[in-house]
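K.L.:
Required output: the full structure, derived from the provided sequences and hints.
When we follow the UniProt record's numbering, the leftmost residue of the sequence shown carries the number 1, and every step to the right adds one.
Hint data in this document are derived by calculation from the structure and do not stem from the laboratory. Here the structure is a predicted model, which means the values were calculated and not measured. C-beta: ideal position from N, C-alpha, C; glycine also. One or more hints might be untrue.
[To be verified] Cβ pair distances, simulated, as ranges:
(1) N634 x S309: 50 to 60 Å
(2) T639 x N674: 53 to 63 Å
(3) D66 x K182: 23 to 33 Å
(4) S427 x K395: 49 to 59 Å
(5) T410 x K23: 54 to 64 Å
(6) D278 x Q582: 26 to 36 Å
(7) N583 x K641: 23 to 33 Å
(8) N583 x P630: 34 to 44 Å
(9) Q181 x D66: 36 to 46 Å
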Amino acid sequence: MSEKRALTKFLRCVEWSDVQEAKQALEMMGRWEMIDVCDALELLSPVFESEEVRAYAVSVLERADDEELQCYLLQLVQALRFERTDKSCLCQFLVQRSLNNIELASFLRWYVAVELYDPAYAKRFYCTYEILEENMMKLAGGPNGEEDGFKLWQSLVRQTELTAQLCSIMRDVRNVRGNTQKKIEKLRQLLSGLLSELTYFEEPIRSPLAPGVLITGIVPSESSIFKSALHPLRLTFRTQCGGTSKIIFKKGDDIRQDQLVVQMVSLMDRLLKLENLDLHLTPYKVLATGQDEGMLEFIPSRSLAQILSEHRSIISYLQKFHPDEHGPFGITATCLETFIKSCAGYSVITYILGIGDRHLDNLLLRDDGRLFHVDFGFILGRDPKPFPPPMKLCKEMVEAMGGAESQYYTRFKSYCCEAYNILRKSSNLILNLFHLIAGSNIPDIAFDPEKSILKAKGLAAINQVQPLDLRDIIRCASTEQPPMKSNPNHNQLDKHCSDRQPQPRDQQLRVEMGLTFTKLFSRLFAKKEMRILMVGLDAAGKTTILYKLKLGEIVTTIPTIASLFGVGGQDKIRPLWRHYFQNTQGLIFVVDSNDRDRVVEARDELHRMLNEDELRDALLLVFANKQDLPNAMNAAEITDKLGLHSLRQRRWYIQSTCATSGEGLYEGLDWLSNNIANKA
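P.N.:
Okay, here's the thing in structure tokens:
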């Protein structure tokens with residue numbers, strides 16, 4: 001019992017319905033060496049229902065200081081869902097700690113208030129809210145003029161009143177007909193007239209984003225509206241100390257997912273800095289004040305889309321602010337180092353969290369060289385693009401480091417590996433926090449809580465991926481992805497393809513991963529969701545097949561567009577294929593029937609994939625393509641050369657096809673759809 005990390009594993013094995021076994025387990029738990037805080041979080045997950053075990057976990061949490069506790073507060077509030085009573089030990093602990101720290105109290109109040117909209121747990125969270133209010137109101141003022149509990153609570157209530165007024169402003173502004181400039185004029189008119197009381201508060205209000213900061217009013221001339229469908233407000237507040245605080249207020253947008261991601265970025269930034277690695281991240285503050293409203297800290301910056309449009313390169317932009325004729329690429333070494341470090345930090349973090357939908361409009365750059373990400377509508381492996389690369393790194397970022405062969409890019413890779421190794425040490429903490437959030441209403445988690453977390457490639461691999469594997473992931477991201485587009489239309493495959501230039505034969509990707517045929521073949525497949533991969537050597541005809549099925553017409557394509565659909569096929573990158581095999585129900589293998597010289601290579605690649613555990617149950621459909629060519633091998637000959645008869649434990653089918661005419665394509669898909677339906 002001296003191995004403290006074994007306690008949670010031991011408690012998972014206990015048969016808690018057996019009274020005697022449960023009693024013995026609790027006695028042993030009392031004699032066990034005290035576990036760490038990160039392991040205590042695991043004991044608050046829904047797996048552990050014993051009140052004694054959960055009370056023990058809370059006793060461990062008491063050792064955490066306020067700064068650490070705030071890092072976990074969002075998840076701890078969600079863990080209240082798993083308690084057996086409303087007035088649990090966890091509830092009492094969170095309230096008592098908040099009474100001694102106004103920042104904790106403010107965030108606890110907001111986190112709980114947002115959950116009041118959930119009918120399943122409204123009573124539980126309302127009870128917590130009442131306990132916090134009741135206990136805070138009892139606090140007496142301090143000997144040094146500290147506010148008493150009543151004033152403290154009122155200072156928090158005024159935050160809610162402020163957000164209600166901001167919602168009212170947004171309604172008035174949205175009703176204004178005309179362009180964004182007219183709406184901005186209306187905003188400033190309101191702040192200077194009917195709502196002039198918002199420019200100078202009667203009493204300072206604690207900023208919801210940073211409760212330690214007292215704000216005294218809005219500056220009308222420095223407030224504006226963003227040009228977007230929801231017209232978010234950009235407000236500048238005066239602070240009591242004479243400075244300003246800039247925020248973005250959104251109404252009509254659920255920002256709880258952004259709040260979670262930025263909280264994890266902040267936590268990982270803290271973990272890295274504890275190991276003396278500062279990657280110049282920008283964990284801006286985010287606070288959901290309702291299910292469809294919230295505040296974000298405004299960070300002066302520009303999107304890469306704007307920068308490239310106006311300056312043509314990232315380096316040209318940075319030269320404007322940090323010129324140095326003796327420095328690398330004409331900028332100061334400090335600025336370049338800041339850029340490299342921030343790129344490394346966010347590359348690793350977005351990989352771990354499975355952040356999707358990355359494009360040039362949600363990658364922002366600050367004047368000092370710090371790059372950061374915003375808008376996290378897709379997390380945990382979800383992405384509107386089919387089979388995106390595990391790590392997102394656009395070529396413009398690599399070019400700003402001097403290219404893939406430069407010493408600065410080598411330094412970038414080194415920082416990535418160093419950061420990843422540090423975060424791997426805290427993998428249990430990160431995973432435990434995500435399991436606590438599994439019961440929340442956050443969009444990408446709520447639809448399938450535990451499975452969505454386990455599906456996230458980065459989270460699932462954080463205990464497994466080694467530095468060498470990470471270097472392969474970086475190589476795939478940096479050398480084989482097309483330039484990120486500004487506001488890409490993810491459904492227009494032809495638009496993406498037309499931007500891809502032909503590559504030399506020795507650089508062509510030899511195997512391409514396909515896409516999820518969810519909507520495309522809805523009329524063929526009875527199930528709403530299924531995962532099908534299309535693979536094959538380069539030039540086998542996969543792209544033409546996809547176009548024919550999507551557009552119903554022949555399209556002349558560039559020989560290789562593998563970067564659009566997935567990972568490459570070179571020997572060094574093939575280990576990455578496993579990232580795309582998970583949950584695959586059907587595998588379509590396309591063979592060039594006319595390419596006799598490479599049929600052995602095709603056979604070897606096919607059998608190598610079929611030996612993967614994650615493809616063990618996948619059905620196999622082989623398209624013997626290009627049957628229109630005079631020297632094409634027929635289906636029987638290809639069956640023999642691919643060794644399909646040796647696949648005795650797998651259901652397979654071969655179909656002769658001609659991608660340009662469409663012959664055989666739907667016949668093969670009919671077989672696949674029928675067999676998947678029968679298998680289900």
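K.L.:
Enumerate the violated hints, using their earlier numbering and listing them in ascending order.
P.N.:
Checked against the structure, the hints that fail are numbers 2, 3 and 4, while the rest are satisfied.
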